[in-house]
Amino acid sequence: MPAGELIRAGISKNAPLLELLPNDGACCVLFYPGTMLEPAHYKLLLLSLREAGFSVAGLHLAGHGLCRRKSGFTFESLLAQGLEAEKWLHRNGYAHVVVCGHSQGGILTLAHAGASSTIGAAFAISAIFPRMASAIELTRFARLAHMREWLMNIIRSLAAKMPRLPIPMPVYLNAGRILRGRELPVYLGTGKGRISYPLQFLASLFDAFVSPVLHCPFWLFNAINDDLFTEKLIKETFALIQAPVKKLVWLDNGGHLAPLTPRFANFIARYAAAATAGLAMPINLTLRHCHAA
Numbered sequence: 014m015p016a017g018e019l020i021r022a023g024i025s026k027n028a029p030l031l032e033l034l035p036n037d038g039a040c041c042v043l044f045y046p047g048t049m050l051e052p053a054h055y056k057l058l059l060l061s062l063r064e065a066g067f068s069v070a071g072l073h074l075a076g077h078g079l080c081r082r083k084s085g086f087t088f089e090s091l092l093a094q095g096l097e098a099e100k101w102l103h104r105n106g107y108a109h110v111v112v113c114g115h116s117q118g119g120i121l122t123l124a125h126a127g128a129s130s131t132i133g134a135a136f137a138i139s140a141i142f143p144r145m146a147s148a149i150e151l152t153r154f155a156r157l158a159h160m161r162e163w164l165m166n167i168i169r170s171l172a173a174k175m176p177r178l179p180i181p182m183p184v185y186l187n188a189g190r191i192l193r194g195r196e197l198p199v200y201l202g203t204g205k206g207r208i209s210y211p212l213q214f215l216a217s218l219f220d221a222f223v224s225p226v227l228h229c230p231f232w233l234f235n236a237i238n239d240d241l242f243t244e245k246l247i248k249e250t251f252a253l254i255q256a257p258v259k260k261l262v263w264l265d266n267g268g269h270l271a272p273l274t275p276r277f278a279n280f281i282a283r284y285a286a287a288a289t290a291g292l293a294m295p296i297n298l299t300l301r302h303c304h305a306a
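My numbering applies: residue 14 is where the sequence shown begins, and numbers increase by one.
Treat the hints with caution; some may be incorrect.
Below are the DSSO-like pairs computed for lysine-lysine, each with C-alpha atoms no more than 27 Å apart in a straight line [claimed, not checked]: (1) 83 - 259; (2) 248 - 259; (3) 26 - 174; (4) 100 - 259; (5) 100 - 260; (6) 100 - 26; (7) 260 - 245; (8) 259 - 245; (9) 83 - 26; (10) 26 - 245; (11) 100 - 83; (12) 83 - 174; (13) 260 - 248.
Because the hints were derived from the structure by calculation, they are not lab data.
Using the sequences and the accompanying hints, generate a full structural model.
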């Protein structure tokens, strides 16, 4: 398949689109983009993963990127799409599949590792368990952490009455915390991001149960100076995880946008490739790939 080919991964109505960057015989990375983003925003990281020896499959999930389904999605349905994509990859010649994602995609990566018994490894770049009491510290509602259930009851009630109510990201996340600590240059690609999420989706995200019991080796990457997924939150998350192997990898800079910078995109890709090879999954370094900025 030519690099970048879009494939519908399955025949169900809920089947996602995969943007494939093949590498003959190599283990495939199934990639979950972050909040309101699509694979094109992560072009630098995805090309770095391919250059490091992987095949890559970027997910265009419902409501994101080039997927035609634009509404009616939840955290659970996005995870179901990722699980269906993994099955499609196995059926279509990819014997070895690992999963990776950043931020919201990191949470989906964590969930995928807990739901799938056939994934080879998981590499989350910033992730938390949404139901942790301290998870609210990510949002603008941190002062209400002690009233989380009261707040969730309000969100659930409103979502039941107005599921499609658009909620712009600045309403619940502080953009300054996302940008703080970044290492230049940052490449955000050429994708078309969302500007809001329907309230139904946000309710499902904040209320999602993600199992701490994982079926595969797990690596958690995070910048030490990330002002959103803070050191405290990451350490608390990592302590809860039960996996055959688990490792926490601190990036020395870059903030929350570290994987969108050349230095850390290359580091994460090469680290993941070395870890994957160490698990006896195939990495193909015979091709030379162009590294586009």
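Verification of the hints:
Restraint check for residue 83 and residue 259: the C-alpha separation of about 35 Å exceeds 27 Å, so the hint is violated. Simply put, residue 248 and residue 259 have alpha-carbon atoms about 12 Å apart, close enough for the 27 Å limit, and the pair holds. As the CA atoms of residue 26 and residue 174 are separated by approximately 25 Å, the hinted pair is consistent with the 27 Å bound. Restraint check for residue 100 and residue 259: the C-alpha separation of about 24 Å stays at or below 27 Å, so the hint holds.
At roughly 26 Å between alpha-carbon atoms, residue 100 and residue 260 fall within 27 Å of each other, so this suggested pair holds. At most 27 Å may separate the alpha-carbon atoms for a hinted pair to count; residue 100 and residue 26 meet this at roughly 15 Å. Straight-line distance between C-alpha atoms of residue 260 and residue 245 comes to about 16 Å, which keeps the hinted pair within the 27 Å bound. Distance check on the hinted pair: residue 259 and residue 245 sit about 18 Å apart at the alpha-carbon level, within 27 Å; holds.
For the given pair, residue 83 sits about 12 Å from residue 26 by alpha-carbon distance, which is consistent with the 27 Å threshold. Proposed proximity of residue 26 and residue 245 is contradicted: the alpha carbons are some 40 Å apart, above 27 Å. Restraint check for residue 100 and residue 83: the C-alpha separation of about 23 Å stays at or below 27 Å, so the hint holds. Annotation: proposed proximity of residue 83 to residue 174 holds, straight-line Cα distance about 19 Å (limit 27 Å).
Distance restraint check for residue 260 and residue 248: the Cα-Cα separation of roughly 11 Å lies within the 27 Å cut-off, and the hinted pair is therefore satisfied.
The structure fails hints 1 and 10 (numbered hints given earlier, in ascending order).
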